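**Student:** What follows is each chain in one-letter form.
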Amino acid sequence: VPIITLLTDFGLSDYYVAAMKGVILRRSPMVDIVDISHEISPQNILSAAYVLFGAYDYFPAGTIHVVVVDPGVGSARRPIVVKAGQYYFVGPDNGVFSFVLRQADYQVFEITNRSLFASEISSTFHGRDIFAPIAAALSLGIPLEEIGKHLSRVQLLPEIVQVSPSSLESRIIHIDRFGNCVTGIEQAAFSGSKLPKTFALHAGNSQIRQQKCFYLEEVTEPNNPFVIWGSAGFLEISLPLSSAAERLDLRIGDPVRLLLDASPPNGSERRRTSTNVNR
Amino acid sequence: VPIITLLTDFGLSDYYVAAMKGVILRRSPMVDIVDISHEISPQNILSAAYVLFGAYDYFPAGTIHVVVVDPGVGSARRPIVVKAGQYYFVGPDNGVFSFVLRQADYQVFEITNRSLFASEISSTFHGRDIFAPIAAALSLGIPLEEIGKHLSRVQLLPEIVQVSPSSLESRIIHIDRFGNCVTGIEQAAFSGSKLPKTFALHAGNSQIRQQKCFYLEEVTEPNNPFVIWGSAGFLEISLPLSSAAERLDLRIGDPVRLLLDASPPNGSERRRTSTNVNR
Amino acid sequence: VPIITLLTDFGLSDYYVAAMKGVILRRSPMVDIVDISHEISPQNILSAAYVLFGAYDYFPAGTIHVVVVDPGVGSARRPIVVKAGQYYFVGPDNGVFSFVLRQADYQVFEITNRSLFASEISSTFHGRDIFAPIAAALSLGIPLEEIGKHLSRVQLLPEIVQVSPSSLESRIIHIDRFGNCVTGIEQAAFSGSKLPKTFALHAGNSQIRQQKCFYLEEVTEPNNPFVIWGSAGFLEISLPLSSAAERLDLRIGDPVRLLLDASPPNGSERRRTSTNVNR
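Each protein sequence line maps, in turn, to chains A, B and C.
Quick note: the first sequence uses our numbering, first residue 1, plus one each step.
Quick note: the second sequence uses our numbering, first residue 1001, plus one each step.
Quick note: the third sequence uses our numbering, first residue 2001, plus one each step.
Some clues are possibly wrong.
Here are the simulated SDA-like cross-link-like pairs (lysine to any residue), alpha carbons at most 20 Å apart as the crow flies [what the hints assert, rightly or not]:
#1 LYS1212(B) with ARG77(A)
#2 LYS1194(B) with ARG77(A)
#3 LYS2194(C) with SER1075(B)
In short, the hints are calculated from the structure, not lab data.
For clarity, every value in this text was computed on a predicted model and none was experimentally measured.
Based on the sequences and whatever the hints tell you, model everything.
**Tutor:** This is the structure in structure tokens:
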């Protein structure tokens, strides 16, 4: 029996996640359920897409990933199942699978077989009444063709990076518990892990010119922010042992701009802390 | 082997929940443990009763629900096991099972068999020393008669709705992660899901006259609060894509009043935002 | 197959914990994973050591406890496995196992067998790339000698209590969800559970002279703080049904001083609330 994972913005103070687990275990008693996260910022589809991307392919082949970040619950948005590479994905067709679908061929099915749903379907909680029963059905080996009808396309989020010859423009797509600010700039776009020495990343009021390999590397100036490739391959803005988000006043959605060949800071600016350099 | 669920106000930053799980797994290694929530507002028995009610009967028959929201730990309040319908409930006799016990016949047993407890019993952590061992014992098939003695009654919370011919008075019993304010008014008290067109719900400084079926239905005025039947059958106060609790300044315990035949708002009031209507 | 527990400061809003679980389940599909906590205050090794101590020995013999509170990830700090009593511990050699290692003989091994690691090792996430694979290997029965090389010593945290003939000096090492302030003073240092009647505990601006056995014992003065032995054997500072941390303005790291034979408060002081007594 495969694993079912859950990724939602339901939080952990309500009955929502537990009701989904009960529904799954009642229909598929041998299945193992693993939480990815339930603390996605409410209705933040992009952040959910990123967190799913960071976790999904560490799981065994055949794992069923259920994602319910679903501001449009009850409206016309379609419930779907996607088979991509070795994994199944269940959730609303709102772009939440955008990152994982870049990595493999995939098939999309609209969930239409109402005989698999809960006997009564609320208009506010499809996680419990549609997505959990469908995940249970998949774990029991019910084929995609019995779950719904084939679709030719799936909703994707707009690109989060604009590339020009000398710079990349993106934004902050997630802030982790340590205050690291994850940008939409990916290592896959570069030939190696080292940025050119002449790089400068602009974010909020800060201009960052230092890159590190690990968080506590050469902590000589603890107030200096640096960039680092995070463990899912996205460029992060960090500070040693403190929250870059708080200290640099950065938020999800803030624009960032990576210059690859920035003119060097002049001497007087260099002596100031890099967080205060004028742009 | 049945499932054991846990519902507490312990939070997730301490060893409390893990110690309970260790105790259970040591005594009943094959059991599957599922968290309902550990983020119940500290000592809030009513909120725990509501969250339990929203989740318990989605689990397979035979599931053992352990609830430890227990401000009176160490005092004279009794530890009990309740068998209600297809489920077992383990916890303090303080009203936390009030909602689920309205739905089925039940038997109550005071937990008295000390040979089933931990070898040393603290006065501060009966979740670990009494309730977890008893849940493990139930999962192993030990009969209720060996766990304790039959009681003729169980503690119930006071009614949370007062009904008069033209109105229902209740209060806010829970606020979910999205800021939806759950009232104690239940759909079961009405013949259908539609409130009369003349209804008005008073809460805090707001008077709400709109009902929706799903959260993003007809979002023409995003600042207008509405009521909606939540997925556990209670009337909620909501705002489209933002927190009603924050925006309307509502808290757990605040009184609400549902008028079924309210006089229509006059024109001048209508033009103002409904959240500012005088009561 | 033994249980693997996880204790980190990763929080629950990211993919970090799930990626570790995926790695473990991919390599050791039958293993049962239990969360101890992921809400350790970021980089707080002492708090993690305390939470581990409160939970570890309730689990079945053979349980593998993985602790990743690891500010030095990527630096020269060593990854280790410790076998202590009936349990295995996996994590960085930074003192996080200090409390559990006082209770049993132990053996320490530096993790060196790179063939057991992930195929690519990041410099920012050894929880996923080293510690999770090693825990999976242990759960599959791979012997310690194949995991690494024997070490003669392990990093321990400095003592958190200084004892003099008439007093004990320590500090607040953890604050729980209820606002109870856990000090580093342990019951094991005393012959019984009752402090001498002449005791006084100084913390922040408070002087506390009352000891209780359970939280709601004799609540005649709800604003009076008291001390109580917590369920892991450490002295806590508490208030009835409210947060001592908030009301007395106490934080992790604040010093506390326990006088065993304090002069009694004079009459005028006694009539004031004990939280305002001058020191």
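**Student:** Evaluate each hint against the coordinates.
**Tutor:** Going down the list of hints, with the structure as the test:
{"no.": "1", "hint": "LYS1212(B) with ARG77(A)", "verdict": "17 Å, holds"}
{"no.": "2", "hint": "LYS1194(B) with ARG77(A)", "verdict": "24 Å, violated"}
{"no.": "3", "hint": "LYS2194(C) with SER1075(B)", "verdict": "18 Å, holds"}
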